[in-house]
Structure formats: C-alpha cells, structure tokens
Amino acid sequence: MPVTVRIPTPLQRLTNGQGEVACEGKSVTELLANLERSYPGIKERICDQDGKLRRFVNVFVNEEDIRFLQGDQTAVKDGDEVSIIPAIAGG
Amino acid sequence: MALSKEQIARYSRQLILPEVGVKGQERLLRASVLIVGAGGLGSPAALYLAAAGVGTIGIIDRESVAHSNLHRQIVHATGEVGRPKSLSAQARLHALNPEVVVVPVQEALTAANARHVAAPYDLVLDGSDNFPTRYLVNDACVLLSKPLVHGGVVHVEGQVMTILPRRSACLRCVFPEPPQPGAIPSCQEAGVLGSAAGVIGTIMAHEALKVLLGLGEPLVNRLLVFDGRMSRFREVVVRRDPACAACGDATTIQERTVSEETVCHEEGAWPRSR
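Taken in order, these protein sequences are the chains called V and A. Position in the first sequence (from 1) plus 473 gives the number in the working numbering. Position in the second sequence (from 1) plus 17 gives the number in the working numbering.
Hints are not guaranteed to be accurate.
Stated by the list, open to error - Below, computed lysine to aspartate or glutamate pairings styled on EDC-like, alpha-carbon distance capped at 20 Å: (1) K227/A / E43/A; (2) K550/V / E503/V; (3) K525/V / E194/A; (4) K499/V / E536/V; (5) K516/V / E194/A; (6) K40/A / D139/A; (7) K499/V / E537/V; (8) K550/V / E536/V; (9) K525/V / D258/A.
Worth flagging that the hints you see were computed from the coordinates, not collected in a lab. Model, not experiment: these values are computed from the prediction.
Modelling step: build the complete structure from the supplied sequences, incorporating the hints.
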C-alpha cells in the first residue's frame, strides 16, 4: 500500500484532475521526486530552485506540518496520508 | 440591557440554546465585527452575523457590485449592480435585521488605514480576495491583538482558521510569505462555485459567533480544509512559529513592512478575483 498524496485544486491540472494520487517513497524528498516523475512540473510548484519548500505551500504528513517534524527528511511509510496545502486568497 | 419582546421573538431559537441564552444574546448585541470584503465569503458571513444579532457590523470594500459577483456574493441583488458593495450590503442587512448597526467603509484596506479601521471592533473576519490584503489584515490583527477569522476559497476548495494573536498560529506562522503573482490562481482565473464560497463563509460566521459567545472550541491551531469535489473536510495541525515575522518572539513586521506589501497591491501587481 503506497502513500496517498492529496493534491490541491490549483495543482490538479498536473495530475490529470486527480485530487489524490498514490506514490512511493521513504521520505518526503523521495516522495516528491517520484511525484515529479509521474507528474512532470509538479515539484517546481511545491519547491523552489534549491529544492526547499516554497513559503506559501506546506506539506503535512498525517495532519502534521513537516516543518515541525524533520522537514523534507520526514519519514513516510505505506498507508500514510500526505497533504500538499497552499495558501488560498480567493473570496 | 433587557431584551425587548421583539428581540425575544426574533432570537428565540438561539436564546433557548444553553450556550447562548439571554447573556449570550446580550453579548452578541454588544459585539462588533469588521468584515473585510463584501464578496463570496463576506456575503454569507454578513448575513448570518446580522441575523444572529451581532450589534455592529463594519463592512470595508472599495468595489461596486458587478454581474459576475451575483452567483456567489449573495448579500447583493441584481438591482444593486453598479452600487458600492458596502452600501448594497448595508441595505440588505438592514432589511434582514433593522437593529444591527452596519458601518459601510467604501475604501481599500491599506497599511495606512488598517489598524485605524480595525481597532474599534471586537473581531475581524477576512473575506478579502487577494494575498496582500490577507497578509495586511493578519499583521494588523496581530499588532492589535484582535481575534481574526481567516478563510479562503478558490474553485471548489477552501480553508478556514481562527487566529487568536500570540496565542495561536497566525497566517504567517502557517504560510510565512504570500506567493509570487500568478503562482496561485485567483477566483477570476480559476473560477469558484458559489456554494463552496457559501460553505467557507458560513463556517467563518460560525467561528466568529463561537468566539464572541465563548462557545465550544474555535479552529485555533487547526486549519480546516474543504475539498468540495468530495464534499470532505480535513483538518491539519498548525502551530505558532516562534520565528514568525508577525507574531513571533522577535517580531520584524512593523508598519513599514506592511506598507511595502500594500504598495504592490495598489499597483495592481497581484491577481484579483472580482
């Protein structure tokens, strides 16, 4: 059972409209690399050129912000749920 | 302040709630809320707050009602197209509940006026439609130590959280900086389903009423995320960041920082959704 990654609406055009995708990886870094392999262009929306998480996007592993865990080295395992959540301004 | 016969009749269904009662209703009647933006979020929020009897509701919006607003901005009517939104909302809220004092402010919220505009209110509800205003509202509320209900919506997705400055995560604790222009599509670019804005705006009103009444537990240190495709809510844990530029231990956000962001807004450099 792979990791389930929740894709926010603004990025769903990169995942063929899917709001949830299955992905493999042992850490958030690996997960994002594999996500990029399946859905080219998605990583640069989440990370900057240095590979650091953009400051208006957060990644949560099972409801916990990875910034308060081990950052992109945070471990993930099969069955975990990873949410990519950007800031939203619309009203 | 004793409730009149009319007030007892009007508010009877919430007066019988043990969490409200006469004391709670009196608290609401004395309370004041500033709504930033009479748009897709501000519309349902304003209607519910006025209906519940929140005594004073300020509405700041510099724009006028357009046809493209009407599918979601339900406080406005077709006949109000072209009229300033703050005045259109005032008329509708007055018709709904004449005893609510509505203060229309037909201006943009800027670094120069934000603190002055927000200061008289007990709570701020941010229904604005662009990042610079959202960060400005956040920073002003932190500086004023004013409770803030934050919400956003785009497409069929939304987010809500309640911010008790310096006691819980603020917007910058969660998202330290706004995105570059164009990085996140606005409602204008991505579209928005009116009912999704209704879901988020109504939860924002609910949060405001809870904070004013001291009812239950507000969405503090929790970001509620609505996935309108699945009609599913999820919650993630957010934390106050000691290094936060707005509410952290060594605050760096002062008036000047706020001003720079607002200049960018006024030059129209950011996508807008109206």
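Outcome of the hint check:
no.: 1; hint: K227/A / E43/A; verdict: 14 Å, holds
no.: 2; hint: K550/V / E503/V; verdict: 11 Å, holds
no.: 3; hint: K525/V / E194/A; verdict: 14 Å, holds
no.: 4; hint: K499/V / E536/V; verdict: 17 Å, holds
no.: 5; hint: K516/V / E194/A; verdict: 19 Å, holds
no.: 6; hint: K40/A / D139/A; verdict: 17 Å, holds
no.: 7; hint: K499/V / E537/V; verdict: 17 Å, holds
no.: 8; hint: K550/V / E536/V; verdict: 14 Å, holds
no.: 9; hint: K525/V / D258/A; verdict: 18 Å, holds
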